[in-house]
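In our numbering, the protein residues as written are 339 to 541.
Since the hints were made in silico from the structure, they are not lab data. A portion of the hints provided could be inaccurate.
[Said to hold, decoys possible] Each pair of labels, with its calculated beta carbon distance range:
1) Gly461 x Asp347: 39 to 45 Å
2) Pro405 x Ala527: 20 to 26 Å
3) Arg471 x Val378: 26 to 32 Å
4) Cys402 x Gln457: 24 to 30 Å
Using N, Cα and C, we set each Cβ at its ideal position, and we do this for glycine too.
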Amino acid sequence: MSDVELPSDYHRRLPYGGRLPPDPLLGGPFFPFDGDLQVVPLAEPVLPEPPRAGEPGGAPCPTCADPEQDAIWGDDQWLLKAGFEATGLPLVALLVPREHLRLDELPPDLTATLGPMIQRTAGAIRRIPAVGRTHFSRWGDGSEHFHVWFLARPLGMMQLRGPMLATWNDLLPRVPDEEFLANARTVAAALAETSGTPLGRAV
Numbered sequence: 339m340s341d342v343e344l345p346s347d348y349h350r351r352l353p354y355g356g357r358l359p360p361d362p363l364l365g366g367p368f369f370p371f372d373g374d375l376q377v378v379p380l381a382e383p384v385l386p387e388p389p390r391a392g393e394p395g396g397a398p399c400p401t402c403a404d405p406e407q408d409a410i411w412g413d414d415q416w417l418l419k420a421g422f423e424a425t426g427l428p429l430v431a432l433l434v435p436r437e438h439l440r441l442d443e444l445p446p447d448l449t450a451t452l453g454p455m456i457q458r459t460a461g462a463i464r465r466i467p468a469v470g471r472t473h474f475s476r477w478g479d480g481s482e483h484f485h486v487w488f489l490a491r492p493l494g495m496m497q498l499r500g501p502m503l504a505t506w507n508d509l510l511p512r513v514p515d516e517e518f519l520a521n522a523r524t525v526a527a528a529l530a531e532t533s534g535t536p537l538g539r540a541v
């Protein structure tokens, strides 16, 4: 790719095709790997970016195709989904609006409920006995439909703190199905104390 095709000075500074040193992460208190590691070669930008699910030319939006699939709780505005795959953490959940909207499209009335929903969801997940903290993140590269991830950090597992919690979720042994169901029901019941109802496997 020639310089003229790169969209910014930031892009032009990067060493495409080379391997960045892993040193800034090695030995960090929350980094889950040691030994000899190599960073994968830095790939060139893909421009224009491929469409996400739900965007024109992309795959269908999975939430709109089956809104309550994997949902464990819902009200008239929001759904909480969990259990789409086995997890290593006590619970991994996804908060989504029922309406197909990007973050920058959320209307004021829905935006006003987002903060309280994050608080409620984090508190409900902490009702699970195995949970010490609830982390939440917004990654928007897979689907256009706005979503917020919630990850339950196990009680006392201080090594799992910080941004690598999602990686630990992939590394830890899978939670048994009966334990997941108990955790999902705990969260759904806690949310239903304020509004909405348990759904799906959490009923």
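Results for each hint:
A beta carbon spacing of about 43 Å between Gly461 and Asp347 agrees with the range 39 to 45 Å that was offered as a hint. Between Pro405 and Ala527 the C-beta distance comes to about 21 Å, which sits within the given range of 20 to 26 Å. Take Arg471 and Val378: their Cβ atoms lie about 30 Å apart, and the range 26 to 32 Å holds. Range check, Cys402 to Gln457: Cβ separation about 26 Å, and the 24 to 30 Å hint holds.
In summary, this structure violates none of the numbered hints.
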